[in-house]
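J.: Take a look at the letters that make up each chain.
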Amino acid sequence: MIDGQYLLRRIGYSGAAFFVCVTITFFILHLMPGDYITNYLLSLSNTLPKEAVEQFYQQYGLDRPLPEQYMIYILNILQGNWGYSYQYGLPVFPMIMEKLSWSLVILLPATVTGILIGTVLGAWSGWKSGGKKDLALFNIMIVFRAIPEFWWAIMAVWIFAFYLQWFPLGGFTSISVLTSGMDPWDVLYHAILPIGLMASFIAAGNYYVMRNSMIAVIGEDYITTARAKGLDERAVLWRHALKNALLPMATMTTFQIAGIIMGNVFIETVFSWPGIGLLTTEALSIRDLPLLEGIFLLDALMTIGAMLTADILASYLDPRIRMGGHD
Amino acid sequence: MSLLTINNLSVQFETAGATVPVLDRIDFEVAAGDHIALIGESGCGKTVLGMSVMRLLPPNARITGAIRYAGSDLLQVAEREMQQIRGRGIALISQNSVSSLNPVVRIGDQIAESLSLHTQYRGDDLRHEVIRLLAELGIEQPEESVQKFPHQFSGGMRERILVAMALACNPDIIIADEPTTGLDALVKVQILRLLKKAMQGRTLLLITHDLGTAFTLASRTAVMYAGEILECGPTSEVFSHPRHPYTQGLLASSPSAGFHPIPGLSPAPGQVPSGCRFCPRCSCAMDTCRSLHPHLKETGRGRRVRCFRYD
Amino acid sequence: MNINPGEKKKLIIIGGFCLLAITALCVAAWGTGSAMTANKNVTGNPQLSVTEVIIPVSSPSSVTYSSSMQKGGVPPGIYQGLVIKDLNGTFDPALAESWEVSADAKTWTFHLAKDAFWNDGVPFTCSDVKFTNDYLKANNVTLAYVLHDVQSVDCPDDHTAVFTLKTSYSAFLDQISRQPGITISPRHIWQNITDPQHYEDTKFIGTGPFIFDQNTAGYTRVLKNDAYYGKKAQVSGVVLKVITNPDSQVLALKNGEIDVVSDISPAVAQSLKGEKNIALYSINDTGAYEVAFNLAQYPSNIPAFRKAMSHAVDRNTISSLFGTGRPTETTFLIPSLAGIYVNPADVGMYNYDLAEAKKILSDAGFTWDKRGNLLGPDGKAITLTIPTNTMAQTGGTDKILSVLKNDWGKLGISMSTVTYDDKKQYRKAVNANAVFIDSFPVTLHDDADALSNFAVTPLQETNYYNYNNPEYNALLDEIHDTTDQQEILKKAYQLQDILSRDIPTVPVCTSDTIVAYRSDRFTGWDLGPGYYSVTDPRVLTNLIPVR
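Residue numbers (our numbering), protein chains in the order written: chain A, 1 to 327; chain B, 1 to 311; chain C, 1 to 547.
Since the hints were derived computationally from the structure, they do not count as laboratory data. Errors might be hidden in some of the hints.
Unchecked claim - Short, incomplete list of chain A residues facing chain C, as computed with Cβ under 8 Å:
#1 Asn39
#2 Ala156
#3 Val157
#4 Phe162
#5 Leu164
#6 Phe172
#7 Leu278
#8 Thr281
Every residue gets a Cβ at the ideal spot worked out from N, C-alpha and C, and that includes glycine.
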């Protein structure tokens with residue numbers, strides 16, 4: 001249950017946390033060795049013309065003292081001005097949104113199905129813990145997780161896209177997009193393999209949490225109580241075990257969904273999917289500060305939002321948790 | 001007439017690499033209207049005995065013997081049939097009032113669950129029956145209470161709710177496993193009084209290590225040690241004239257008797273001595289006690305003792 | 001059994017809310033995603049032709065965005081410079097058909113192509129050339145530094161552009177055509193744009209052999225420019241397809257989804273040999289490696305140490321480790337590209353001879369202790385830390401290091417390496433250590449002007465080597481001041497003599513770029529050394545569809 005005034009105070013704290021995040025991000029990014037213009041000019045030739053460097057510093061206010069740059073930055077974000085990417089020369093926010101939307105096409109269905117499958121399998125496995133079926137599934141999951149995700153992705157491309165040719169090798173549209181425009185079914189067709197892979201990784205992760213949670217719950221006394229009432233196993237599972245076992249999952253899931261914003265670098269690399277993950281790695285390697293600041297800003301927002309949501313959700317799911325107020 | 005007859009019941013737990021015996025050839029009868037207490041130190045197997053009757057032991061338990069109830073052997077009936085018996089024929093008041101209620105289910109629903117399973121109550125009738133039960137057991141504001149979650153009640157109230165859950169379907173036998181653990185003295189007295197009242201006309205199998213509880217509630221008492229019954233008989237007899245040295249020790253170790261603990265520890269399951277199981281701790285052990293295993297013998301006035309001194 | 005109907009209702013509300021949120025997100029994602037298709041040029045809807053070349057690019061950024069003018073990400077074959085650098089120090093005409101230079105190398109006159117048009121039909125004139133210079137400088141576009149030496153551009157008529165330089169600069173053509181170079185921007189598009197750094201150009205109006213068609217979801221297409229004034233393309237268009245993973249590029253080539261993959265490793269090349277419909281070629285000497293000295297740091301400040309080390313680099317072993325490429329023994333320039341500019345007197349001077357290296361060291365006062373460690377003239381052991389850069393071709397650097405560690409170890413020098421993943425950090429480390437290993441594109445070592453890498457000039461106040469020889473700087477100035485080829489050649493030889501004496505660097509070897517292409521689709525990829533990019537407009541216009 002949640003207390004209104006407490007919620008407001010909680011939101012206030014979240015705002016403060018957000019500012020701390022933004023500040024830390026700003027200083028870490030600005031104190032990071034290397035800068036965009038040096039990398040850019042040195043990628044063109046071996047010479048580093050001083051005037052070009054100074055001109056760039058001046059243009060982007062990088063020649064000013066850091067605290068002053070910070071003040072300008074804070075004032076700008078408060079006005080909703082996230083700045084322009086050094087590399088692309090475009091406003092940061094719409095750029096991030098566009099890339100994010102592509103990441104979401106894969107990650108949203110993958111995360112949702114991954115969480116569902118992982119939770120269901122984990123619950124089932126935990127319920128049957130110690131049984132042959134549970135052990136078989138558990139061992140399969142261990143093998144699956146023990147091999148790096150990148151290897152699975154490469155293997156999947158190799159088998160399903162190259163040898164069997166069931167799916168495309170990568171990218172998010174067929175070349176026919178050039179003549180007939182974008183076809184949602186075509187995008188879906190391109191997305192299936194990465195979504196499938198991503199969903200299995202997420203499912204495997206959630207499987208462990210759910211299985212452990214379930215194993216902990218079935219040892220609880222109230223499960224014995226429920227059985228002693230004469231409930232059949234299914235009713236015990238659905239009405240008593242599942243609800244409790246899902247409690248730790250709720251928080252984890254909220255954060256997983258918030259984590260979508262960061263994209264997934266390796267899936268995007270393997271499948272040439274132009275999402276936020278690729279954008280972040282690229283921006284990081286060339287030190288595109290406004291773009292990085294924008295990405296981390298959004299990430300901080302999402303994470304803090306997720307924490308708030310997780311708390312509220314937990315207070316709804318678990319009556320023992322009271323947010324604020326008094327008994 | 002006996003309602004529940006336990007014949008030659010043995011329980012072993014299979015753990016990694018070893019089979020640990022917990023109950024050894026228990027013979028035991030519960031007559032209708034009986035209030036029987038099983039007393040003993042923790043680890044003696046009394047809870048396992050209760051759970052064997054409910055058939056709620058973990059999957060690694062190996063049970064042999066027979067538990068006869070209502071014309072059938074509970075160890076042989078199908079799970080489906082057993083589910084019909086649980087709650088309706090034999091109900092359980094679980095050990096720990098804190099952890100035995102599901103924290104995320106409203107208590108009204110938790111009580112209603114067994115009612116809707118075993119009785120015809122539905123809808124408003126069901127709701128009223130739950131409220132009636134809560135009121136009967138002294139829960140204040142029963143109408144509001146059905147909406148509440150377990151953590152919103154005190155320990156004593158939760159115990160009452162557990163009792164309400166057990167009584168809900170008017171079962172033939174109630175197994176109460178340590179019904180007063182974790183309660184402070186005052187509440188404990190209230191609960192005992194409540195139980196005594198509630199159990200009138202019912203059949204109770206009380207499992208406890210607390211002699212006071214047994215003395216208050218039970219008409220008959222069986223003393224268990226290391227998986228066996230060492231002595232049983234009418235409670236007043238057993239408590240006033242304990243025959244087995246263990247029972248004597250147990251009574252002497254209670255705080256009211258001056259707290260004289262029995263020297264030594266109960267043997268760990270699976271490591272019981274070959275002769276009399278209590279013999280290493282027994283002050284009056286004889287040579288026979290070390291080599292031979294005594295049988296439970298009738299000693300008159302409805303009492304039985306497992307000790308060579310009464311041969 | 002549920003006596004609290006509110007419970008169910010709450011669950012339904014929570015569940016419904018979650019579903020709603022997911023749906024909303026999906027719709028939003030879809031909406032924004034498909035909105036990108038809007039970035040399409042309205043030039044009709046040409047059918048995808050079998051004669052379009054499909055080339056992979058490794059980063060979506062190289063095609064998805066146009067960014068501001070003169071920056072990267074521009075599709076190939078659209079924008080042109082005045083001239084285009086060719087092999088052996090000569091230049092091909094591009095927007096300039098011919099050019100002449102005053103004897104003092106200060107006034108450069110370009111005669112512009114008369115029948116060149118911008119893709120939107122506007123004729124190309126000198127005003128565009130003048131505009132480019134003025135606009136870049138007025139708006140502080142970063143690349144304006146390339147035109148740093150230009151005082152002014154004048155247009156005596158529509159098809160003549162006169163560049164007046166601040167100082168004499170004989171290598172001016174090299175400056176404006178070599179990477180990054182300067183392309184001419186259309187005046188009529190940009191003149192009204194006040195903030196070019198933040199303007200997104202989606203039309204890409206150029207003058208080149210290809211016209212921008214569209215940028216869509218992972219693809220960029222340019223089409224053949226039928227109105228092009230020069231050599232027209234024989235393919236109907238070029239499609240750039242984003243494939244971020246190099247392994248997938250090779251699989252796509254095998255599948256026939258793309259027509260070419262550039263820069264593959266020798267191992268991949270080996271595996272592709274014998275594949276049906278796949279042919280390979282190698283572009284020689286596309287990269288080069290050097291063991292360089294920082295003359296500001298001990299012991300590299302001792303000439304004898306540099307000289308001794310120049311005899312301790314085993315080029316043959318190193319280049320055999322590369323799999324491709326070959327050792328280079330010139331003092332500095334790469335023979336296959338710099339041609340006549342290579343001073344034959346300086347070839348083969350730095351022969352590999354550890355005994356000689358030892359002798360030079362010992363003559364210069366270096367000694368060895370009992371365990372064989374090399375001690376400097378000050379009696380202290382010589383230890384070297386070698387910075388390397390992950391952004392360079394590290395594979396090559398590692399190979400050189402492994403050979404050097406062995407050989408220099410025999411001379412009693414203990415070596416360690418530190419790797420930097422940032423260029424600025426790397427540069428700092430280079431400045432703080434005596435020896436570094438560098439790799440560079442060969443364009444930086446292919447003509448007399450490339451020798452300016454060792455000079456100190458107003459534009460370049462220092463160089464990697466901290467090498468500052470007034471005699472050398474003066475000679476290079478003289479080269480910049482003259483346009484007499486014989487004079488330039490003579491002075492270039494002299495410069496190389498100075499370098500071979502001062503030894504700021506020891507050239508090691510070159511590396512090659514291997515390209516695999518679909519032989520059943522197009523021929524004409526291999527234009528020989530120097531054409532290291534498969535998106536070079538001269539390569540693209542040279543392609544001929546098979547059948």
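J.: Run every hint past the structure and note whether it holds.
T.: Now the hints, each set against the structure:
Hint on Asn39 (chain A) holds. Least Cβ distance to chain C is approximately 5 Å, under the 8 Å limit. Below 8 Å, beta-carbon pairs count as interface contacts, and Ala156 (chain A) has none with chain C, the closest being about 12 Å; its hint is therefore violated. Below 8 Å, beta-carbon pairs count as interface contacts, and Val157 (chain A) has one with chain C at about 6 Å; its hint therefore holds. Using the Cβ-Cβ criterion of 8 Å, the hint placing Phe162 (chain A) at the interface with chain C is satisfied: the shortest such distance is roughly 5 Å.
Taking 8 Å as the C-beta cut-off, the interface hint given for Leu164 (chain A) is violated, the closest approach to chain C being about 12 Å. Hint on Phe172 (chain A) holds. Least Cβ distance to chain C is approximately 6 Å, under the 8 Å limit. Given hint, Leu278 (chain A) at the interface with chain C, holds; its Cβ is 7 Å from that chain's nearest Cβ, closer than 8 Å. The closest approach between the C-beta of Thr281 (chain A) and any C-beta of chain C is roughly 10 Å, which is over the 8 Å cut-off, so the hint fails.
Of the numbered hints stated above, those contradicted by the structure are hints 2, 5, 8, listed in ascending order.
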